Amino acid sequence: MQAPSTTPSTSPSSRRVVIHDPTLRDGQHAVGHRLGAAQMAAYARAADAAGIPVVEVGHGNGLGASSLQIGRAAIPDSVMLTTVRQALTRAQMGVFMAPGWGTGDDIRRAVDHGAEVVRVAAHCTEAAVTERHLGLVRELGAQAQAVLLMSHMTGVEQLAVQCAQAVCFGAQAVGIMDSAGHYLPADVCERIAAICAAVDVPVIFHGHNNLSMAVANSVAAVQAGAGVIDACARGFGAGAGNTQLEALVAVLERMGHWTGIDLRAALAAADVAEQQLMDRPAAIDSVAVFSGLAGVFSGFKRPVLAAADAAGVDPLEVFAELGRRQAVAGQEDLIGVVVGELRQR
Amino acid sequence: MRAAVIGAGQLGIDLARRICGSPWLDCALVVGGPSSDRGLRLAAALGCAVSAAGLEAVTAADVDVVFDVSNASARHWADLVATGVVLLDLTPGSSGTMVAPTVNAASADSCWHLNLVSCGGQAVLPVLETIARHGGRDAVQYVEVVTTAAAASVGRHTRLNLDEYIATTQDAVRQIVLGGDAAPGAGPGAGHEAGHGAGHGAGHGVVKVLANLTPALPAPAFRAEVAVICPGVEERALRAELAAAAAAVRAFAPGYQIVACRVDGDLVRASVTVTATGARLPAYAGNVELINAAAVLLAERYATLRKP
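In order, the protein sequence lines correspond to chains A and B.
Quick note on numbering: the first sequence equals residues 1 to 345 in the working numbering.
Quick note on numbering: the second sequence equals residues 1001 to 1308 in the working numbering.
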């Protein structure tokens, strides 16, 4: 195994790539937001030891999102933040917050608890909702990032415009989430290139693996100029899971990119995730492929399976109808509506 | 009765149209901000006097009632309080007496500064009040509200003020439905950590509001989902009570419907959709129609009550 270089190269083909690790946030979707403090501490320690630069923590939909609608977290935000902060020695602690699910007060409390990177999220055409919260993050002295959710729902130009708007609001990194796992590498390449041309801050890509494209899409993003890539240990995340962190680190290493992550230690962290966080391996099952094609939010997988099973309807039909209605994250109430209508047919 | 509208965006112009259509009200003035040329032209085309001179124009116009859809109602009220006008405030986060017409209109008859809460508040307060009356407001352990508005139905102020939208809606549920004091833990997000404990029996009277804006096209109608933890609710009886509550709202907002209601143990869920009716607004903008129609109805109530 080739050891990673400890200094970033300046040549364009071997740029530094920052791996942002939302295992303890996006992974919550795979376990019904039930991660406990001991699990979080164990993984955060392992990720920190591996040199992963940012460890993101929270409810699956971020700060303040614990609810009957989206799912109740096992422990309050404050306990998650305190636990992970104590476990990190080198890594920065990240949080995710979408205006409408959380509020400015949640951001204030998170920064008080030691969050250093704050992602403010909005649906793909709604960057305007991030204005005040990005300003607040800057005012509090944390690093402000903006991400567009469900980014496949709008066009390339619109994504670039929205990202540029977020930079005007103070975002120090901007980018897109493939929340449904819908993209192919060429889609990612086109979008990241357009965003890179529109902004002068690092560009973020966050993939999901519904179509088995998460690592390939992340590589495409790096090649198109992205500087921050999200990846989760063992791919632990919503739906079919996220870009698998340890695999991505290995791929980037082979490509000559510097991540600052010790691969051996990242593999050990992934083992911790598998043994202590996950109740089953992240898998591209039939439902995952179908929901990725339908462009439905990956986090709907568990609630759709539960509702479809209880009502005796085909979960694929539920995903098809949710896709037709362009349901977005946060609209879990539509699952019940769709299941009810399908049952009556 | 003479009315003025402060704000000439989508909400302000729709209000001006509704006021022009009211037998009790006369739209005497529409005031716009620096970037409201288009709105002021539309208002002028309705036959309203228009001004870009701000509050000075309002105080000079000798009006009885002011509708405020600007982002500065707190400052406006400070200047209006001495003039004897009634202020109907549609700005989220304002300080007036919170009112939903079919729930507590009478309690606001003696107030001069009425706060329309939020479009989501107008959608869910009749539902929550019905559930709380059925189950007993002291028995309500937790209230959750999720609203989803089409991106095209909300303007810049709403996007900037999502925190205030959430806080105001939570306060209104606490005060109007649960009969509580909005002050303790009333700030935006204050319910979150406390709300967390609700499932463990510790969150008596906790209220949580979530707000979605959806980019889906074609834009879906405004939707609000409520979930209430309250023992002792009987589904069949509640359905009948909710049907009556919805019918009362339809008297002024015809596109208001309760589309689902179910009781599962202590968990009561109900869903509301609101479409805009008539040709003035796109059908998905039921949120705009609901809050504007509520404001005009309250102004008409004021006009008829004070009629000599």
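Hints listed in this document are in silico derivations from the structure and should not be mistaken for laboratory results.
The structure presented is a predicted model; accordingly, all values stated were derived computationally and were not measured.
Be aware that one or more of the hints could be misleading.
Residues from chain B that face chain A, not an exhaustive set, calculated with beta carbons under 8 Å [to be verified]:
hint, residue
1, Gln1175
2, Ala1211
3, Pro1215
Here are the computed distance ranges between Cβ atoms for each label pair [stated by the list, open to error]:
hint, chain 1, residue 1, chain 2, residue 2, range
4, B, Asp1138, A, Asp112, 42 to 50 Å
5, A, Asp271, B, Ala1072, 38 to 46 Å
6, B, Gly1232, A, Arg264, 43 to 51 Å
7, B, Ala1251, A, Arg280, 32 to 40 Å
8, A, Glu274, B, Arg1038, 19 to 27 Å
9, A, Gly312, B, Gly1136, 30 to 38 Å
10, A, Glu190, B, Asp1062, 40 to 48 Å
11, A, Arg345, B, Arg1038, 39 to 47 Å
12, B, Trp1112, A, Gly114, 22 to 30 Å
13, B, Ala1139, A, Glu317, 52 to 60 Å
Backbone N, C-alpha and C fix where the C-beta goes; we use that ideal spot for every residue, glycine too.
query = Which of the stated hints cannot be reconciled with the structure, identified by number in ascending sequence?
reply = 1, 4, 5, 6, 7, 8, 10, 12, 13
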